[in-house]
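K.L.:
If you read the sequence shown in the numbering used here, its first letter stands for residue 41, the second for the next number, and so on.
Treat the hints with care, as some may be off.
FRET-style restraints, in silico, Cβ to Cβ [claimed, not checked]:
{"hint": "1", "residue 1": "Lys287", "residue 2": "Ile310", "range": "32 to 40 Å"}
{"hint": "2", "residue 1": "Lys74", "residue 2": "Val159", "range": "24 to 32 Å"}
{"hint": "3", "residue 1": "Glu179", "residue 2": "Arg51", "range": "39 to 47 Å"}
{"hint": "4", "residue 1": "Asn260", "residue 2": "Asn211", "range": "40 to 48 Å"}
Honestly, the hints are just simulated from the structure, not real lab data. For each residue, glycine too, the CB sits at the ideal point set by N, CA and C.
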Amino acid sequence: MALEELAYMERFIECSKMVANGKNGAIRDDKVLKTEYRRSFYKILEKNGLEHSSGPVRAETILLLSDLHETAAYKKLQGMRNLDIGAVSDACISYMTGMRNLDTVRKDLMFILSHKNGVEFRNAVMRMADIATDEDIPELRVTYGRVEGKEREEMRRCLSKIIDRYPELENKRRYILSVPVFPDEKAFDRFMDKSIVYLDIRYRDSISPKDAIAMRTYNNIVDAIRKMQIRIYNERDNLWLYEPSKKKVIEDLEALIIWAAEDLSEKEVIPESDNDVAAPLVDLLDSSNS
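Between the sequences and the hints, there should be enough to build the whole structure, so can you do that?
P.N.:
Here is the structure:
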């Protein structure tokens, strides 16, 4: 268990003891439980809160989950609404009502983002940044790619705030914040052909045989591979419009990326000055990023 996860669990257990001893609001009103919550922490609230022997602890945990807009609890709370009683059942109903209302609000905001501009658009973006979930990202990225100028910057900030609430998305930040690519099969072919030649011929012939390379060369290669991964990420949404064989082209390029990244990780990197910093390779070695 990560240190921050352990600290969150300890905080929650401490608050739950206070609620069980009669201190109302010790869970729901705790600022740390709200501001430090990560979606991966839901299992802590489920095990130590929703399954707690104390009814008040269960009820306050549900109200906290409602304030957090945590969708992962929905199915469990549907069952608890019928099986539990009193304040717990009431909290379940409050949670589900709030989630349904929130879903309606999100749909209304999505409509505004698709059909409005100016102040209406800006206000909708600001509201969406606070209530959208990771599941809303694909639809929001459609708008992100459609708009330009200030509206695109506003959408970028919105997407960034959503990522902030889901730390598990941090390694995909550069991909999610990249601008979607308009479907163009010929442009796709040109980019893929150029990328494959870069890795399978130029890199294989000029870089792979070397045991050591200059840091500038190393960083340029890492940057080129990241651009390839970002393009792959954005083209996946367009594949249904392309020839079926294009999926195999992406798979071939991804295999080359992994090979090149692994080969690059074994080389000695020679800095040209004391200020030189090597770009990290860890994200390149994870093909799921693209």
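K.L.:
If a hint holds in the structure, say so; if it doesn't, say that too.
P.N.:
Now for the hints, and whether the structure bears them out:
no. : hint                        : verdict
1   : Lys287 x Ile310: 32 to 40 Å : holds, 39 Å
2   : Lys74 x Val159: 24 to 32 Å  : holds, 30 Å
3   : Glu179 x Arg51: 39 to 47 Å  : violated, 34 Å
4   : Asn260 x Asn211: 40 to 48 Å : violated, 22 Å
The structure shown violates the earlier hints numbered 3 and 4.
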